[in-house]
Amino acid sequence: MSHKNSLVLGIETSCDETSVAVVKNGTKVLSNVISSQMDVHRRFGGVVPEVASRRHVERITVIIEQALAEANVTKDRLDAIAVTQGPGLVGALLIGVASAKALAYALNLPLVPVHHIAGHIYANHLVTPLEFPLIALVVSGGHTELIYMESHLHFVRLGQTRDDAAGEAFDKVARFMGLPYPGGPQIDRLSAQGKVIYDLPRAWLEPESLDFSFSGLKSSVMQLMQKAERKGETIGQADLSASFQAAVLDVLVEKAFRAVKQKGVKQLLLAGGVSANSGLRVRLMKRAEEEGITLRIPPLELCTDNAAMIAAAGTYLYYEGKFADLTLNANPGLSLIE
Amino acid sequence: MGLKILAIDTSTLVLGVAVVEEGKVLGEVTNNLYKTHSERLMPTVAGLLKDLSIKLQEITAISVTSGPGSYTGIRIGVTTAKTLAWTHDIPLYAESSLTVLAMNGKRFPGLVVPLLDARRNRVYTGVYRSNASGVNEVLGQQVLEITDLLEQCNRWKEPILFLGDDVSKFRSVIEETLGEEAHFGSPAENLPRASELGEMSLQRIMRGEEPLSQQFTLNYLQVTEAEANWLKKQKQGTGNDVN
Ligand SMILES: [Zn+2]
Numbered sequence: 001m002s003h004k005n006s007l008v009l010g011i012e013t014s015c016d017e018t019s020v021a022v023v024k025n026g027t028k029v030l031s032n033v034i035s036s037q038m039d040v041h042r043r044f045g046g047v048v049p050e051v052a053s054r055r056h057v058e059r060i061t062v063i064i065e066q067a068l069a070e071a072n073v074t075k076d077r078l079d080a081i082a083v084t085q086g087p088g089l090v091g092a093l094l095i096g097v098a099s100a101k102a103l104a105y106a107l108n109l110p111l112v113p114v115h116h117i118a119g120h121i122y123a124n125h126l127v128t129p130l131e132f133p134l135i136a137l138v139v140s141g142g143h144t145e146l147i148y149m150e151s152h153l154h155f156v157r158l159g160q161t162r163d164d165a166a167g168e169a170f171d172k173v174a175r176f177m178g179l180p181y182p183g184g185p186q187i188d189r190l191s192a193q194g195k196v197i198y199d200l201p202r203a204w205l206e207p208e209s210l211d212f213s214f215s216g217l218k219s220s221v222m223q224l225m226q227k228a229e230r231k232g233e234t235i236g237q238a239d240l241s242a243s244f245q246a247a248v249l250d251v252l253v254e255k256a257f258r259a260v261k262q263k264g265v266k267q268l269l270l271a272g273g274v275s276a277n278s279g280l281r282v283r284l285m286k287r288a289e290e291e292g293i294t295l296r297i298p299p300l301e302l303c304t305d306n307a308a309m310i311a312a313a314g315t316y317l318y319y320e321g322k323f324a325d326l327t328l329n330a331n332p333g334l335s336l337i338e
Numbered sequence: 001m002g003l004k005i006l007a008i009d010t011s012t013l014v015l016g017v018a019v020v021e022e023g024k025v026l027g028e029v030t031n032n033l034y035k036t037h038s039e040r041l042m043p044t045v046a047g048l049l050k051d052l053s054i055k056l057q058e059i060t061a062i063s064v065t066s067g068p069g070s071y072t073g074i075r076i077g078v079t080t081a082k083t084l085a086w087t088h089d090i091p092l093y094a095e096s097s098l099t100v101l102a103m104n105g106k107r108f109p110g111l112v113v114p115l116l117d118a119r120r121n122r123v124y125t126g127v128y129r130s131n132a133s134g135v136n137e138v139l140g141q142q143v144l145e146i147t148d149l150l151e152q153c154n155r156w157k158e159p160i161l162f163l164g165d166d167v168s169k170f171r172s173v174i175e176e177t178l179g180e181e182a183h184f185g186s187p188a189e190n191l192p193r194a195s196e197l198g199e200m201s202l203q204r205i206m207r208g209e210e211p212l213s214q215q216f217t218l219n220y221l222q223v224t225e226a227e228a229n230w231l232k233k234q235k236q237g238t239g240n241d242v243n
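For the protein sequence lines, the chains are A and B, in the order given.
Mapping to UniProt numbering: the first sequence position 49 is 49, numbers consecutive.
Mapping to UniProt numbering: the second sequence position 192 is 192, numbers consecutive.
Looking at chain A on its own, in the form it has when it is part of the complex (with noise of 0.2 angstroms):
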């Protein structure tokens, strides 16, 4: 069966991002539309879901159509629909969910339901494609994973977080330091202005294991900023933001060569919105390359979500015929490993 000119339209609403995309053949975005709620949701701190969810019904067939007119694509040419099931918001997802579910019925096509990490990873896929095996570190505002390929859409999970994902740890604590809503990306700022003079600590758990923890982190950076309240002390915001971020990135990039050397293979894929943090795609570009292994990131608009990255791995799914009947639910749980 040959494949040319594939033509899939994604849809992702897992979050906060109405988006819907279409790429061809797996590989080439001829569009990628993503309507961002973060002005809605910065005034309330945060994701709120139900004004998430409220905002995607409203916006989505207007999305939908955005994409295919800048795609210069008519709905009849299309080939598939994919639709990120999850993880993620259930309410936020059942939108795409369903709105994928009408597409598919009235153009009569594979309904393709595809896992929102899978879409992180094969957003690589779209600037160059992948080679197996190789490792990814998926960071995200939901995810810390290692995860292993060793073909396409085989995916075995090395190691997780066992409490909360390094994006979650960011954004609370620059909540806790008062900083605007995102804080991750405040907080890369504002570690380039500091230097590391806060001892916090690094949690490598057991030798060999290949797991993350970030609670403890963030609890010791709270306690810290406490204690100097109480001797009325001023911490200035750059060397604890510096501090912090070193804490967190120590742990993902050596845990990362260290799936790259326990696997013994050549390429390591960064994946998921963390991806954007300067400071480690530094650090990850000056380790790989003292090691000789390829790193790929993917470019900042692709490392958010979007739905490029679902019509991406949804081309693969199609390929290999993992539709979904019109039964299709979201699935806030979702697992990427079968």
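Since the hints were made in silico from the structure, they are not lab data.
A few of these clues could be false.
Derived BS3-like pairs: lysine-lysine, alpha-carbon spacing no greater than 30 angstroms straight-line [unchecked claim]: (1) B:K55 / A:K75; (2) B:K35 / B:K106; (3) B:K50 / A:K75; (4) B:K50 / A:K172; (5) A:K322 / B:K35; (6) A:K286 / A:K172; (7) A:K172 / B:K233; (8) A:K286 / A:K322; (9) A:K322 / B:K50; (10) B:K55 / A:K322; (11) A:K266 / A:K24; (12) B:K232 / A:K75; (13) A:K4 / A:K24; (14) A:K172 / B:K35; (15) A:K322 / A:K4; (16) A:K195 / A:K172; (17) A:K231 / A:K286.
Incomplete in silico selection of chain A near chain B, CB under 10 angstroms [to be verified]: (18) R43; (19) V48; (20) E50; (21) S53; (22) R59; (23) V62; (24) V90; (25) G91; (26) I95; (27) A100; (28) A102; (29) L103; (30) A104; (31) V156; (32) G159; (33) Q160.
Interface residues of chain B toward chain A, partial, derived using beta-carbon atoms under 8 angstroms [unchecked claim]: (34) E22; (35) E39; (36) S70; (37) Y71; (38) I76; (39) W156; (40) L221.
Each residue gets a CB set at the ideal place from its N, CA and C atoms; glycine is no exception.
Using the hints provided, position chain B with the ligand relative to the given structure of chain A.
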């Protein structure tokens, strides 16, 4: 060929899909099984159209309930209806879930009060009276404490028919307050009917009303808790002034 309306209702626990044309209900599915609308809605639409040998492209207009009711339910119905409509450029119409329910009382010689549980002793409700072609609103749709609603009802001094499965939760307080003026729907009358929904939109089309835009607003009747708290803080002047 006459107008064919595809009607979709998932505003409450009831899932309803119907196809109606002028003067005739071609087919209708109503279930009250509490099964997730997300799983059941699309297969039900596909199944009914298949049974009726009607292609989606042959549908003249799509009609959907846009609330009030279950937030998730409303969104599944509206998202599905919007997308189906958008895909084949089918005009889209929306009706209130309360008005659809009130239609079950259109032969009642008095007032008709459809009612949906809004939790914490509150209800989504409106007050209706029947007319030649259906019902019209006497009291606008709102979220009310059940006691406030019944106090208003008491002033009308005429028979009142309460409709909806949620009425049973409030039956004793309704009877206590209104005595003999209180009437209750039969089990069949307590279920909103998608065929009534389709009929209402059909009437709209015959009156020459324009369809809705794809970005029409849903009728939640309540702002989210986060928004309510934020607004309260703004009023008190304690909201953090980020922009
Ligand atoms: Zn994500």
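Okay, the hints, checked on the actual structure:
1. B:K55 / A:K75: 17 angstroms, holds
2. B:K35 / B:K106: 29 angstroms, holds
3. B:K50 / A:K75: Holds - the C-alpha atoms of A:K75 and B:K50 are around 22 angstroms apart, at most 30 angstroms.
4. B:K50 / A:K172: Roughly 52 angstroms between the alpha carbons, so the hint for B:K50 and A:K172 is violated.
5. A:K322 / B:K35: 25 angstroms, holds
6. A:K286 / A:K172: 28 angstroms, holds
7. A:K172 / B:K233: Holds, because 22 angstroms separates the two Cα atoms, which is no more than 30 angstroms.
8. A:K286 / A:K322: Distance ~39 angstroms between A:K286 and A:K322 Cα, so the pair is violated.
9. A:K322 / B:K50: Between A:K322 and B:K50 the Cα gap is close to 25 angstroms, so the pair holds against 30 angstroms.
10. B:K55 / A:K322: At roughly 26 angstroms apart (the allowed maximum being 30 angstroms), A:K322 and B:K55 satisfy the hint.
11. A:K266 / A:K24: 27 angstroms, holds
12. B:K232 / A:K75: 45 angstroms, violated
13. A:K4 / A:K24: Satisfied, since the Cα-Cα distance of roughly 9 angstroms is no more than 30 angstroms.
14. A:K172 / B:K35: 37 angstroms, violated
15. A:K322 / A:K4: Judged against 30 angstroms, a Cα distance of about 18 angstroms means the pair holds.
16. A:K195 / A:K172: Answer holds: A:K195 to A:K172 is near 21 angstroms, not above 30 angstroms.
17. A:K231 / A:K286: 39 angstroms, violated
18. R43: 6 angstroms, holds
19. V48: Result: holds, 4 angstroms to nearest chain B Cβ.
20. E50: Holds. Min distance 4 angstroms.
21. S53: Since chain B brings a Cβ to about 6 angstroms from A:S53, closer than 10 angstroms, the hint holds.
22. R59: 8 angstroms, holds
23. V62: 6 angstroms, holds
24. V90: For A:V90, the interface hint holds, since the closest Cβ of chain B sits about 8 angstroms away, which is under 10 angstroms.
25. G91: Result: holds, 6 angstroms to nearest chain B Cβ.
26. I95: Since the shortest Cβ distance to chain B is 5 angstroms, the answer is holds.
27. A100: This interface hint holds because 8 angstroms falls under the 10 angstroms limit.
28. A102: 4 angstroms, holds
29. L103: A:L103 check passes; min Cβ-Cβ to chain B is 6 angstroms, inside 10 angstroms.
30. A104: 9 angstroms, holds
31. V156: 30 angstroms, violated
32. G159: The hint is violated - A:G159 has no Cβ within 10 angstroms of chain B, the shortest such distance being about 33 angstroms.
33. Q160: Hint on A:Q160: violated, closest Cβ of chain B at ~28 angstroms, above 10 angstroms.
34. E22: 24 angstroms, violated
35. E39: 5 angstroms, holds
36. S70: For B:S70, the interface hint is violated, since the closest Cβ of chain A sits about 11 angstroms away, which is over 8 angstroms.
37. Y71: At about 7 angstroms, which falls below the 8 angstroms cut-off, the nearest Cβ of chain A leaves the hint on B:Y71 intact, so it holds.
38. I76: 5 angstroms, holds
39. W156: 35 angstroms, violated
40. L221: 13 angstroms, violated
When held up to the earlier numbered hints, the structure conflicts with 4, 8, 12, 14, 17, 31, 32, 33, 34, 36, 39 and 40 and fits the remainder.
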